[in-house]
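What follows is the residue order along each chain.
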Amino acid sequence: MNSPENNKKEHQDKVLNEVSNSEYKYGFVTDIESESIEKGLNEDVIRLISAKKKEPGWLLEYRLDAYRKWKAMKSPTWAHLNIPPIDYQDIVYYSAPKKKKAEYESLDEVDPELLDTFNKLGIPLGEQKALAGVAVDAVFDSVSVKTTFQDTLEEKGIIFCSFSEAVQNHPELVRKHLSSVVPVDDNYFAALNSAVFSDGSFCYIPKGVRSPVELSTYFRINAANTGQFERTLIVAEDDSYVSYLEGCTAPQRDENQLHAAVVEIVAMKGAEVKYSTVQNWYPGNKEGKGGIYNFVTKRGITKGANSRISWTQVETGSSITWKYPSCILLGDNSSCEFYSVAVTNNHQQADTGTKMIHIGKNTRSTIISKGISAGKSQNSYRGLVKMTRKAENARNFSQCDSLLLGDQCGAHTWPYIKTFNDSSVVEHEATTSRISEDQLFYCQQRGMDEENSIRLIVNGYAKEVLNQLPMEFAVEAQKLLSISLEGSVG
Amino acid sequence: MSNSHHSPHTLSAALAERFTDNRKVINDKDPVFVEKLRARAIELFRQQGLPGSHLERWRNTDITQSLDASYYHELKRNTEKINIDEIFQCKVDNFETFLVSQLNGWFAHQDHLLRELDNGVIVGSLREAFRQYPGLIKKHYGTYAPPEDHGLTALNTAFAQDGVFIYVPDSLEVKIPIQMVSLVRTSNPVLLFPRNLVVMEKNSSLTMVHCDDSIEKETSFSGSVSEFFLDEGARLDYYKLQNKDDHSAVVNSSYFHQEAGSALSTHTISLNGGILRNETRVTLNGENARADVLGLYLMDRSQHVDNYVFMDHASPNCYSNEQFKGILDDRAKAVFNGHILVRKDAQSTEAFQSNKNIQLTDEARVVTQPFLEIYADDVKCSHGATVGQLDPLAMFYLRSRGICHRNARMLMMYAFAAEMVNQISIHALKEQIDHMVVKRLKGELSICDQCVLHCKDERQVSFEIDMNKV
Chain X
30 MNSPENNKKE HQDKVLNEVS NSEYKYGFVT DIESESIEKG LNEDVIRLIS
80 AKKKEPGWLL EYRLDAYRKW KAMKSPTWAH LNIPPIDYQD IVYYSAPKKK
130 KAEYESLDEV DPELLDTFNK LGIPLGEQKA LAGVAVDAVF DSVSVKTTFQ
180 DTLEEKGIIF CSFSEAVQNH PELVRKHLSS VVPVDDNYFA ALNSAVFSDG
230 SFCYIPKGVR SPVELSTYFR INAANTGQFE RTLIVAEDDS YVSYLEGCTA
280 PQRDENQLHA AVVEIVAMKG AEVKYSTVQN WYPGNKEGKG GIYNFVTKRG
330 ITKGANSRIS WTQVETGSSI TWKYPSCILL GDNSSCEFYS VAVTNNHQQA
380 DTGTKMIHIG KNTRSTIISK GISAGKSQNS YRGLVKMTRK AENARNFSQC
430 DSLLLGDQCG AHTWPYIKTF NDSSVVEHEA TTSRISEDQL FYCQQRGMDE
480 ENSIRLIVNG YAKEVLNQLP MEFAVEAQKL LSISLEGSVG
Chain G
35 MSNSHHSPHT LSAALAERFT DNRKVINDKD PVFVEKLRAR AIELFRQQGL
85 PGSHLERWRN TDITQSLDAS YYHELKRNTE KINIDEIFQC KVDNFETFLV
135 SQLNGWFAHQ DHLLRELDNG VIVGSLREAF RQYPGLIKKH YGTYAPPEDH
185 GLTALNTAFA QDGVFIYVPD SLEVKIPIQM VSLVRTSNPV LLFPRNLVVM
235 EKNSSLTMVH CDDSIEKETS FSGSVSEFFL DEGARLDYYK LQNKDDHSAV
285 VNSSYFHQEA GSALSTHTIS LNGGILRNET RVTLNGENAR ADVLGLYLMD
335 RSQHVDNYVF MDHASPNCYS NEQFKGILDD RAKAVFNGHI LVRKDAQSTE
385 AFQSNKNIQL TDEARVVTQP FLEIYADDVK CSHGATVGQL DPLAMFYLRS
435 RGICHRNARM LMMYAFAAEM VNQISIHALK EQIDHMVVKR LKGELSICDQ
485 CVLHCKDERQ VSFEIDMNKV
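Chains as they are written, first to last, in our numbering: chain X, 30 to 519; chain G, 35 to 504.
No lab work stands behind these hints: they were computed from the structure.
Some hints could be false.
Here are the simulated distance ranges between beta carbons [to be verified]: (1) G/Asn456 - X/Gln428: 25 to 33 Å; (2) X/Pro235 - G/Gly436: 55 to 63 Å; (3) X/Thr395 - G/Ala428: 21 to 29 Å; (4) G/Ser87 - X/Arg97: 24 to 32 Å; (5) G/Lys172 - X/Asn488: 55 to 63 Å; (6) X/Leu202 - G/Gln81: 51 to 59 Å; (7) X/Asn488 - G/Glu266: 41 to 49 Å; (8) X/Arg475 - G/His88: 52 to 60 Å; (9) X/Gly317 - G/Glu453: 42 to 50 Å; (10) X/Gln428 - G/Asp145: 57 to 65 Å.
Glycine included, C-beta positions come from ideal geometry on N, C-alpha and C.
Let the sequences and hints guide you as you build the complete structure.
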């Protein structure tokens, strides 16, 4: 019975077992008093949310309009996902850590438990901010807790604050750009978000300014039965530059929680926006119980000539991911890149990709997508490249590779290419395979064990994307990748 | 149905009603199992309706408008004595074939409806085979092309009355290619539902050439379904040539079922046609089966071509290769929809897919959707798709060698198409198609030449390159 094959099998089982047992290290719950409203969704709830946030009348109207549109819409079914029915009346649409005072004056006044949570998450809030050099806006459940580094940014004229603050302090900017990229009724989840969004980040870079630090937001769902609906709006004026980071975690719970965010990016003439996400929502346990439903709409528009947007995402969490960071290439000579690593394990399902809509002349887009599936998960890339009639000399290159670890998982590629002019060039290529025995053998005969060989190969496979991430994120992403995939041998 | 526009729903209802009204005529004296299958199919059609933009697979091709005309539907075999050889002959040099013709959807050789040849091959009318070989037909008919697949397959299953039936016995190599010609000749717009069945026993081999032709320029709609069964070790070479007029709509659904060790190679060459939709569904149901699905399309004016390929890897150790190339001019539209499915235990699968397009004008459209759906880990799968133009550097090179713009452009398009033409393994056929591609690119090929293969055209086609300048 001790044939090499049996040994190998045993070893694989052992390794796989270790992987499935590796804990989600962000799965703690913070015992903190929170102020929530009743479960359920109706116009009164929306009025209540709006009132709690002291919003102007136009925003309430905007929300109600979105809600009415949402009611007439149906949940999308076209994705390669098995989404259990969601009871939208069983969700709390607003939950906030109870404040002891109306506003925090300094870090000392912030609930110590809350700070502790952020420390566990490794967010450079408080004293760490100087060391890390990152300005953080942390969104806890639905409310933005603290925005660091604000003074430094203010000097440059950069506005980086919670969405609610922006509504109070810069209503004209918010009103001008809100829903200018993602219309209220763009899709089911965007409409829901427009109706009930509770907070998020707002970022405005004035003309000619390069943001000296990387702006960062951390999202965390803490309270049970709540949904998180954050709204992010980034506006980069002419010739400005900003790099924006986003990270997310949630506690370990048996029931599923909904996260339906909307991110809009507007890049004016010559502006550059770099948006990076490490998405690590709770993925559910190894039987597929619990976890976050991550149904997110992200879209940017290169409004002015020579502008540039770059999306980089590392998707390791969530039980179901439905997410297509896209770009409308409107300005001539503008460009957009999409870099993605999506990892699914156990029972996770991901349907993610991008859309590149070329309208301006000489526009360029690049898509690099790396899918990694293990366990019993399903991982899909879905993308659209559209060259409209006016997009003369537009260029796209797409590469979507999938790596399969284990014979129970699935990897799928659904690219759509549409061209309507005679001067654009579109190239798409994709491969699907498992880690080759040759590569493994080579590493092992150089003295590495199987674990490390796989780690090395997977990291090498994802390198093209990880290289796009800012330093601190790249380190975290690499760690996440290793944790998610330890020992999954095909 | 009148000439005003109808909704797909009304059209579907009218078609279903037409079946009910003519049930007796359609069923005639067919065996009970065929009758039952028709009843099931029309029920499924009532539920599904016509395929349209509500289905992902059909999003880019609208057939309802083509169906919305007052069509003549020949529900009974025309008993008028015709000599098919007078209407149509195929004389390609050095290309000897066994010719079976269909006229307006009916098997046309009235003197010998179904023949059993000395070597055991059975060739002839499907309707006649229903009656003479009910056991054999029952085993295969409607099995590989389930009426559940889509509305048009259901509709064909309900209405299909005749077509070609071919049976190749065990270990027999059929030396002469069988040429299947579907002719449309009528003074009315005509609606056709031809149905073909090819059964190949173990280790047999066959070459088929299937030509879709129009003789008169009359509007027609053909919703054909063909079923192919390749038992263990069988080999089929299948060439489909399409040269229809701009008023015709053709939906060809071919279902190939392959057992272990069988090999399939198909070439779909679309040169002209109003709306062409070629559905190829291949099920690799046994180990070491192999399928090469190749295609070339050269479209201009307002022509529309849609190639849909579904490759189902249901067994381990199979190989598949899809390769489609096309050139689009004027306002033509090309759709490619490839879907490779690798099922859970289909390990050691190799599956490749490629679609390359040259778009010559701003008004032409290309939509390409190469899908991979994979549930096994030990696989090598890849797909690639490109849309682009003729290489300006290559153009410059040719021009600098004294070749005029028109010729240089043609030479490059010819070279682009040659990759597909060169994969045709019958020499005579390859030469003929090569010749046709050149003519097509020069804009001299039209459907008024007698048939797809243009045997009567004696004129030699050559590039107008002045060798002295080279």
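Hint by hint, here is what the structure shows:
Checked against the given bound of 25 to 33 Å, the beta carbons of asparagine 456 of chain G and glutamine 428 of chain X, roughly 29 Å apart, stay inside it. Take proline 235 of chain X and glycine 436 of chain G: their Cβ atoms lie about 59 Å apart, and the range 55 to 63 Å holds. A hinted range of 21 to 29 Å holds for the C-beta pair threonine 395 of chain X and alanine 428 of chain G, which are about 25 Å apart. Restraint check, serine 87 of chain G to arginine 97 of chain X: a C-beta distance of roughly 27 Å satisfies the suggested window 24 to 32 Å.
One distance hint, 55 to 63 Å for the beta-carbon pair lysine 172 of chain G and asparagine 488 of chain X, holds here, with the actual separation near 58 Å. Between leucine 202 of chain X and glutamine 81 of chain G the C-beta distance comes to about 53 Å, which sits within the given range of 51 to 59 Å. For the hinted restraint 41 to 49 Å between asparagine 488 of chain X and glutamate 266 of chain G, the CB-CB distance of approximately 45 Å keeps it satisfied. Evaluation of the 52 to 60 Å hint for arginine 475 of chain X and histidine 88 of chain G yields a pass: the beta carbon distance comes to about 56 Å.
A hinted range of 42 to 50 Å holds for the C-beta pair glycine 317 of chain X and glutamate 453 of chain G, which are about 47 Å apart. Here the CB-CB span from glutamine 428 of chain X to aspartate 145 of chain G is close to 60 Å, well matched to the stated 57 to 65 Å.
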